[in-house]
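Trainee: Given chain L, put chain P in place with the hints provided.
The listed protein sequences correspond, in order, to chains L and P. Take the first sequence: its position 74, counted from the start at 1, is 73 in numbering that gives the first Met the number 0, and no numbers get skipped. Take the second sequence: its position 180, counted from the start at 1, is 179 in numbering that gives the first Met the number 0, and no numbers get skipped.
Don't take every hint at face value.
Stated by the list, open to error - Label-pair distances were calculated between CB atoms; the ranges are:
id : chain 1 : residue 1 : chain 2 : residue 2 : range
1  : P       : 80        : L       : 71        : 41 to 51 Å
2  : L       : 138       : P       : 148       : 49 to 59 Å
3  : P       : 84        : L       : 66        : 44 to 54 Å
As the list claims (entries may be wrong) - Cut-off 20 Å, straight-line C-alpha distance, at most; resulting in silico cross-link-like pairs (SDA-like, lysine to any residue):
id : chain 1 : residue 1 : chain 2 : residue 2
4  : L       : 77        : L       : 63
5  : L       : 72        : L       : 107
6  : P       : 215       : P       : 229
7  : L       : 33        : P       : 146
8  : P       : 107       : L       : 127
9  : L       : 55        : L       : 104
10 : L       : 33        : P       : 144
11 : L       : 55        : P       : 183
The hints are simulated quantities; they were obtained by calculation from the structure and are not laboratory data. We put the CB at the ideal spot given by N, CA and C, even for glycine.
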Amino acid sequence: MSVFKDAGHLFRFAGLFVLAFLIFLVVRHYVVPKSFGQYGHYRGDAIGEIAARPVKFAGHESCEMCHSDVADKKKIGKHAHVNCEACHGALASHADDPATVTPVLPDTAVLCARCHTASAAKPKGFPQIDPASHYQGTSCKTCHQPHNPGIDAGGAK
Amino acid sequence: MKISRRQLLILLPAAAVAWESVLAGTPEEAPNYKMTGHWWGMLIDIPKCIGCGNCVRACQTENDVPDGFFRTWVERYHVSDEDMTRPEVISPDGGKEGFPVAEEDGRKYFFVPKLCNHCADSPCTQVCPVGATFVSPDGVVLVDRSYCLGCAYCVQACPYGCRYIHPEKKVADKCTLCYHRITKGLTTACCEACPTGARQLADLKNPNDPIHEFLKTHSVQVLKPQMATGAKVFYNDLDGSVR
Numbered sequence: 000m001s002v003f004k005d006a007g008h009l010f011r012f013a014g015l016f017v018l019a020f021l022i023f024l025v026v027r028h029y030v031v032p033k034s035f036g037q038y039g040h041y042r043g044d045a046i047g048e049i050a051a052r053p054v055k056f057a058g059h060e061s062c063e064m065c066h067s068d069v070a071d072k073k074k075i076g077k078h079a080h081v082n083c084e085a086c087h088g089a090l091a092s093h094a095d096d097p098a099t100v101t102p103v104l105p106d107t108a109v110l111c112a113r114c115h116t117a118s119a120a121k122p123k124g125f126p127q128i129d130p131a132s133h134y135q136g137t138s139c140k141t142c143h144q145p146h147n148p149g150i151d152a153g154g155a156k
Numbered sequence: 000m001k002i003s004r005r006q007l008l009i010l011l012p013a014a015a016v017a018w019e020s021v022l023a024g025t026p027e028e029a030p031n032y033k034m035t036g037h038w039w040g041m042l043i044d045i046p047k048c049i050g051c052g053n054c055v056r057a058c059q060t061e062n063d064v065p066d067g068f069f070r071t072w073v074e075r076y077h078v079s080d081e082d083m084t085r086p087e088v089i090s091p092d093g094g095k096e097g098f099p100v101a102e103e104d105g106r107k108y109f110f111v112p113k114l115c116n117h118c119a120d121s122p123c124t125q126v127c128p129v130g131a132t133f134v135s136p137d138g139v140v141l142v143d144r145s146y147c148l149g150c151a152y153c154v155q156a157c158p159y160g161c162r163y164i165h166p167e168k169k170v171a172d173k174c175t176l177c178y179h180r181i182t183k184g185l186t187t188a189c190c191e192a193c194p195t196g197a198r199q200l201a202d203l204k205n206p207n208d209p210i211h212e213f214l215k216t217h218s219v220q221v222l223k224p225q226m227a228t229g230a231k232v233f234y235n236d237l238d239g240s241v242r
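Bound-form chain L, shown alone (with noise of 0.2 Å):
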């Protein structure tokens, strides 16, 4: 054992690093998350954080539960791939809780004119108005009933 003769300070200088490791471990167990790693370089918990959120928008499967009515009625007009809650806004709260939440009935007024608003950057197949000389004024529903717009369909109650 020659070799090592008078080398004692470089295994205690050996030990010191290896204790250094053991240390660094042990803290990273404590302060790394448990789920860091788990999918890729983040905190695979993150995700399901995330999908955690609420929900604000019901969808229109969940409006269709209880309005069947007037999804019978959207169907067969103009405005049948136009989802609920595009005109009558986020829905949620009112679907969880139907009694206590009521919804706000839009004015067809501001509403209607948003998209159908006359304008030469809009796709020209699309039905357009100018709302200065098309309705003066009145309400859009007095003619065409938002559900189905066809005006032989008639204005809404």
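Mentor: Below, chain P without anything else, positioned relative to chain L:
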């Protein structure tokens, strides 16, 4: 078996590493949603967009996006025949309340809705120094709010300008492709609110998704393909002037 002190010292760190992986255990799987079964993207059908701003408002409602910041927004392009490389682009308040009426002047107009492209090889996740932003196993670029430092490297790295620092939370924020909705079988808020079907959520791993037929039969493009980001927001009929 006899282990010398030297052998023991060599074995200890290895044992510690092994013990740690035992403690981590096997990941728990969500009951109805399998991350490996999906690869999310979106289809934007430009000829269908009317610039109503429904998507922008829906996104802000669904995701509590602060005023003046956007996870999605709509741009209106006005392109002349003479110089298509210099289009006139406007996006007043992100197109949230629609656009001013345009007069016919013989030049081309169209709307381009924008959002995070959920790149498969996203530049933004590569620059994060702490592993706070990542591409999930189902192909959605997400931000871990509790891990983000707010250094904004990712905001600079995104070639599409889709990220911002949340003014109150002081962390990076961006489109999650409504991850809290798509994992429950719903579509995104913007797609739900779009009245013309100009935006459609697409699951590229679902063989029955209409996206496959659409991509096969239409001239579809992604934004900045030269950057090879693996963008998964597909634009139908995209004009060459769009940046």
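Trainee: State for each hint whether it applies.
Mentor: How the hints compare with the structure:
Distance hint check: the CB atoms of residue 80/P and residue 71/L are about 48 Å apart, consistent with the given range 41 to 51 Å. Look at residue 138/L against residue 148/P: about 53 Å separates their beta carbons, and that is inside 49 to 59 Å. Checked against the hint of 44 to 54 Å, the pair residue 84/P and residue 66/L passes, with Cβ atoms roughly 50 Å apart. Of the supplied pair hints, the one linking residue 77/L and residue 63/L holds, its CA atoms being roughly 18 Å apart against a limit of 20 Å.
Between residue 72/L and residue 107/L the CA atoms are separated by roughly 18 Å; this keeps the pair inside 20 Å, and the hint holds. At most 20 Å may separate the alpha-carbon atoms for a hinted pair to count; residue 215/P and residue 229/P meet this at roughly 18 Å. With a C-alpha separation of about 13 Å, the suggested pairing of residue 33/L with residue 146/P holds against the 20 Å cut-off. Between the alpha carbons of residue 107/P and residue 127/L the distance comes to roughly 18 Å, so the proposed pair stays at or under 20 Å and holds.
In summary, the hint linking residue 55/L to residue 104/L is supported, as the alpha carbons are separated by about 18 Å, within the 20 Å threshold. Note on residue 33/L and residue 144/P: the hinted pairing holds, with a Cα-Cα distance of about 17 Å set against a maximum of 20 Å. Between residue 55/L and residue 183/P the CA atoms are separated by roughly 13 Å; this keeps the pair inside 20 Å, and the hint holds.
In terms of the numbered hints stated before, the structure departs from none.
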